[in-house]
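Enquirer: Here the structure of chain E is known, so what remains is to put chains V, G, F, A, P, W and C in place on it, guided by the hints.
Protein chains: 8
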Amino acid sequence: MTVNYDYLRRERLGMPEAVLCAGKDMVSLNSIVAELAARPDHPVLFTRMEAGQLGGLDPEHRAALDYDALSSTAVLHGHLPARPGNVAVVTAGTSDLRVAMEAARTLHFTGVSHKVYADIGVAGLWRLTERIEEISQCDVIIVVAGMDAALASVIGGLVGKCVIGVPTSVGYGVAADGTTALNAMLASCGQGVMVTNIDNGFGAACAAIRVLNSLMIKESSV
Amino acid sequence: MTVNYDYLRRERLGMPEAVLCAGKDMVSLNSIVAELAARPDHPVLFTRMEAGQLGGLDPEHRAALDYDALSSTAVLHGHLPARPGNVAVVTAGTSDLRVAMEAARTLHFTGVSHKVYADIGVAGLWRLTERIEEISQCDVIIVVAGMDAALASVIGGLVGKCVIGVPTSVGYGVAADGTTALNAMLASCGQGVMVTNIDNGFGAACAAIRVLNSLMIKESSV
Amino acid sequence: MTVNYDYLRRERLGMPEAVLCAGKDMVSLNSIVAELAARPDHPVLFTRMEAGQLGGLDPEHRAALDYDALSSTAVLHGHLPARPGNVAVVTAGTSDLRVAMEAARTLHFTGVSHKVYADIGVAGLWRLTERIEEISQCDVIIVVAGMDAALASVIGGLVGKCVIGVPTSVGYGVAADGTTALNAMLASCGQGVMVTNIDNGFGAACAAIRVLNSLMIKESSV
Amino acid sequence: MTVNYDYLRRERLGMPEAVLCAGKDMVSLNSIVAELAARPDHPVLFTRMEAGQLGGLDPEHRAALDYDALSSTAVLHGHLPARPGNVAVVTAGTSDLRVAMEAARTLHFTGVSHKVYADIGVAGLWRLTERIEEISQCDVIIVVAGMDAALASVIGGLVGKCVIGVPTSVGYGVAADGTTALNAMLASCGQGVMVTNIDNGFGAACAAIRVLNSLMIKESSV
Amino acid sequence: MTVNYDYLRRERLGMPEAVLCAGKDMVSLNSIVAELAARPDHPVLFTRMEAGQLGGLDPEHRAALDYDALSSTAVLHGHLPARPGNVAVVTAGTSDLRVAMEAARTLHFTGVSHKVYADIGVAGLWRLTERIEEISQCDVIIVVAGMDAALASVIGGLVGKCVIGVPTSVGYGVAADGTTALNAMLASCGQGVMVTNIDNGFGAACAAIRVLNSLMIKESSV
Amino acid sequence: MTVNYDYLRRERLGMPEAVLCAGKDMVSLNSIVAELAARPDHPVLFTRMEAGQLGGLDPEHRAALDYDALSSTAVLHGHLPARPGNVAVVTAGTSDLRVAMEAARTLHFTGVSHKVYADIGVAGLWRLTERIEEISQCDVIIVVAGMDAALASVIGGLVGKCVIGVPTSVGYGVAADGTTALNAMLASCGQGVMVTNIDNGFGAACAAIRVLNSLMIKESSV
Amino acid sequence: MTVNYDYLRRERLGMPEAVLCAGKDMVSLNSIVAELAARPDHPVLFTRMEAGQLGGLDPEHRAALDYDALSSTAVLHGHLPARPGNVAVVTAGTSDLRVAMEAARTLHFTGVSHKVYADIGVAGLWRLTERIEEISQCDVIIVVAGMDAALASVIGGLVGKCVIGVPTSVGYGVAADGTTALNAMLASCGQGVMVTNIDNGFGAACAAIRVLNSLMIKESSV
Amino acid sequence: MTVNYDYLRRERLGMPEAVLCAGKDMVSLNSIVAELAARPDHPVLFTRMEAGQLGGLDPEHRAALDYDALSSTAVLHGHLPARPGNVAVVTAGTSDLRVAMEAARTLHFTGVSHKVYADIGVAGLWRLTERIEEISQCDVIIVVAGMDAALASVIGGLVGKCVIGVPTSVGYGVAADGTTALNAMLASCGQGVMVTNIDNGFGAACAAIRVLNSLMIKESSV
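Residue numbers (the working numbering), protein chains in the order written: chain E, 1 to 222; chain V, 1 to 222; chain G, 1 to 222; chain F, 1 to 222; chain A, 1 to 222; chain P, 1 to 222; chain W, 1 to 222; chain C, 1 to 222.
Pulled out of the complex, with its shape left as it was, chain E reads as follows (with noise of 0.2 angstroms):
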């Protein structure tokens, strides 16, 4: 079996290489990396990389890898070149880090600056409203928020940008597989704000890409 990998994306679309690593065997995964590890120009994102499968790589390859824990994200052959535009992180609780740093990650590959502003969900208002001004000077504001995600309607109420909403899986009971934040986030009173799927951060620096995208293009056209 030959991986039949298209390697044509990025110059297509101008969007990052990735490679989805859950669902995917050992066997399967350990053939498409090395075929990827013999290509030193063209840099690859690993996104959903278990430490078990991290464990499972032939060692030469996992030295070359560099792994993140947290956001389960690995790098092979370095980042892209810095571009122009910003993106805003914002997560609404400590537990959100993992899918919000997914989304610093794709960023940081593609050469987008970022930052992450953490634990500002609306429970506690002030800790919104001191870092709104700031958060507003992005080009791109990526909230991500679980349970009722109120977060995405309160920012996109104040400010009129991008603002592409990321429910997560965070919380028990009704909230456990974060398909009441998908719901909130779809239903929000917030007028357009976009949404990816739960937990997709990766989609959601993605997404963000698109934006700046269209944005760079207008700007090389000015």
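Derived from the structure by calculation, the hints contain no laboratory data.
Relax, there's no trap hidden among the hints.
Interface residues of chain W toward chain C, partial, derived using beta-carbon atoms under 10 angstroms:
hint : residue
1    : 14
2    : 138
3    : 139
4    : 157
5    : 158
6    : 191
7    : 197
8    : 200
9    : 209
Among the chain F residues that face chain V by a calculated CB cut under 8 angstroms, a handful are:
hint : residue
10   : 13
11   : 15
12   : 139
13   : 163
14   : 164
15   : 191
16   : 195
17   : 203
All C-beta atoms in this analysis are idealised placements derived from N, C-alpha and C, irrespective of residue type, glycine included.
Expert: Then chains V, G, F, A, P, W and C, alone, in the frame of chain E:
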């Protein structure tokens, strides 16, 4: 068929006598109204009485009812004497008024002082900020909100008194049946926010009365 | 009861002033329209206004509205001045037009240039192939699709700019309420596709405007 | 990364300071505990702390915690001073004890007098009948029940004070995740029963504290 | 198209001959009625026959039917001879009567003695206590209840005979479609309570007949 | 904490004394077992006792239990005396045996004669046809089936006695949690098939005992 | 707005040209019909055309349609030439006929020989046994069934040819929306039964045509 | 307990003999394997056999099995003789290989020629375009895809032969359990795409064999 009415509820529980009209056929409903109309010392509240049901009542009984179309409630034999305590009924949007007025009518019927604060959803946070001081003076705060129901969390984070959330079936798509608002309130990051069934303004008023019942007994024993 | 309208939204957020009519009783709706009609310098968009609601308005106000039956939208006091940026609104099938036109009317109201590409679902892939070059020239692409919503994934794989998916409640059986299209878009294999609530053409247009807001500020600071 | 803790919650809301440990990685959790351990005048409650998390704490901090395995709670810097009011915590079965003890530990931490009445589900109605008189003397009644949660309805029909239902994820099949108990409590035929999230003993205690907050202010102003 | 009727059901199973009218178009329904009307020795029960369907029948057949509007049932060619056994049909509220009467009409058609006990929900426990002795004398007890359906659990805990729960779609919000009542009955803490489909009064009567069938054979062989 | 055991259940209801072990912590479970072990005249059945729980019991009590691993049941102080009536326990596949044996062990504990007919699902109809005559001689038929649970409908169409369906969580995909089997049995085209909770072999046996209770009283009064 | 019709579908896929009318507004629908009416060499099938939509068509076009009310289908410009292969369309009950006739009309339009076998559900197994020999002679068997959909499993266990299940939304309670029938067919114990969307008679006919397409090519190459 | 195996399935249906191991306890599984091992003329396929189950088999039987870890399948007594027809097994991503290989192993066991085309999801459309000509030469096309499953719709729009969709539980958030992929395939805009249960590679292979069964009989009668 004889009606098997629970006449002792008010004495036993200090709760309003009420008849849920939804789902009742006209033969049963007319029979219930006739029996209750014969007991003038026994004020009764009818909830979820559709205009069609009102029209199908025997004319003499229909004339005896104080009917309110927005809340679909009707009162027979007047309301109960005034009692201590006051309640804030807050709504996120104009579409939540039907449910808020069901709560308000129930409180009015039971003799409880209350005030309705409409249209202060978090998408325009200044509308809430302007009124939160006044709202926080009440003994109990009923928050009526649909869609993402973020208002309940924000108020729960600003006020330490009893907050009762009533999710509404306002909106469309994932919001249409009120489940998103319900789950968002249950998963609220505002500690200790309590929740009733979807669109259950009557139940929220009863919950508030239960709180006042505890309070009154406490007071009288001071 | 006085309306508690958020008049500052446009100034604060650069977003369109809009009133969601769904779920509003005629007394409230007439009161809102009357208040807004008295402010001729304040263009407003009404969404989800059913023909029945239009008919129930005070005749003088009804006459002042520019109503569109297909999208169930109405405009009061004309649209906003033209602004930079252009948006493609793409639909998979003819039945998705209601929702696409809600997006188009919102964009038109806000002064944003746009074009509707109808009926290019992936079941006949050549219809998409013929137009993808033109579509990819736009700053933002709104994809309106029901059933399996495969169109969003395919476009997301062909274009690297901002793609906003609007799932629709078109179809029957498992497709009937739009949840399948919603989830398929959220789980899209096309990286970074963003999603709004089911049938939420208005929200998608607002999301596009948020992207253009980021873009405009960027441009003006060049 | 600095912790962004909401230190003012107790002063602002009269609610307990609490940290939800579920979903927190050990790096974040150790950092939070270290910061809080340095403030001995600031009692804190940790909820949902798994044995594994306790074991992963820095030994000096672990030793400082008063940990309870059944409720998965830990207390740092002792509990708050006693305050007026008393709460009944009632369970339908022995399996509901984990959740009931989370409520009881939260009340104890906050200085609220309370008593646990275990194992009085309605399948053996005499067990409830024997104790209902005593239970009805309390200011607030927390009912912890899984499966069909019928206990909440029956108590709601026998007592007119504040009844807070906590559905539990006890049981299997349709009962397994607690949704049936949750919905049964929300749909309760006992008027005005309020509900919290599934297994949310902490939230129920907070709700009870909110009721007592209203009550205390009331009393002090008498 | 010829009707392919299962004429041998009664002989084979000792169960009533019945035609479910819901979902049948008038051409098919008239053809079925015509065929059955020609067999006067063959009593048949029609269930879920809407008033509109009754009105659409050929006049001669319509006249031959004994129709009951509350239960939406019709009988053709009279009922079956009386047989041993008696059944209690118990309802929690007045709104459950439609379903209870479908069960009662089915029992009456099949010649089974029965009695309806309406309006004895657990919110007013004394109503049940007064009648439980009489109810427990019956061979089979059918409990018809919506919302939280707590009545089934309480009766199941008080009586050791066959208890058949029929959940109803009475109520609103989480109760609206009967799923909560269904699941609460399935998860009942009352051991060995059996359940039928939502609103299925006919099925509950058939289940009771199955129990009596076992019983009769047993008796006759004594 | 004292156990609040319902010792009168057998006398009151003629039902088996049983303790559901699932969800019970070892402290509570050991305390329950200790109390019951001290009452040798009081046979008790333990259900859903995992091997881990068995291992965690005090050794002297563990030795006193008659434990069966397949059904996860244990008996203390022997079984009850034989009583009239016999029950068929039928399974669609081998994977349904765990649940069927829970029913069989409960019947055995209660002194009820029964026989297990395994592996006669309708995919090979001849397996059912061969045994249906023998099965139909029993007083009550318990059908244990997962996936599409078609066996319950087919048997319900072939036998007129009491048929109790037990849906199982056997299978994967849409079958994985037993909901499909549950709903298929509830919607069964076989009239009057009754249903219990998913995997609830114990409940089905209790339901069968309820039927036999009615029957025995009837017989004794002949 | 011009219609963007996929005229090449028949040539490309050997599938019928069809227009789904559900969800289409009358302006769009009239425009589509007008365009297609101008191409007499191009037979087209309209599905899900409600009587109201038929009535809203331009009279000249309405007259040109061969409309069938039971299946809600219409044919324009006659049907396609006869082609090899034959299909059995089997229904469990009379209420499934609407869906079965949609399949039959689609097959007829496409020139495929077929026969409808109505009312042979497994509750009366003899009805199936009598016809199974004849049914098993067909190349493809479409099984149309609602509620528990047990018929698909039983036929799948008796015949080794291609069996296509069409779940229907017949019934009430858990059966009401067809999800139970859908899931039961997907979880069928009959190996290799394939399934279409709920009520999708048209899709099942198309699936049968796909099978015949494979078969015809195969034959012609013999 | 004797195994009640359906030995006649192959003769009766032309389908493979198979044992689903998931959910079977080791006692039952060893007993089944022992019985089948004694019939060397009877090739059997075991599906969903976990490594743990393989390890728990009697060593002599374990050695006789041809086990494949990726697909969790085992073959006993070799495969069946080659038969006409060929099948394409197509996957959207590498993570879908587990399910695709279950289909491939089933086809191989049954003697059906087939080829696996991995990793051709629509996010990189060129990967599909390159191979569609070759794929369309096969008699049956099995499409294995998770997440949005858009590949099934696109292939269904490009090829007119039998297309069988197998949704997989690959992905996270809304994709996690495969329901989104399942519903997207059922709602596919590609006419006549048929669907099996989630992750059911075995069922898809059986469905393909059913199609080939029809085809072979047809051919042999030419």
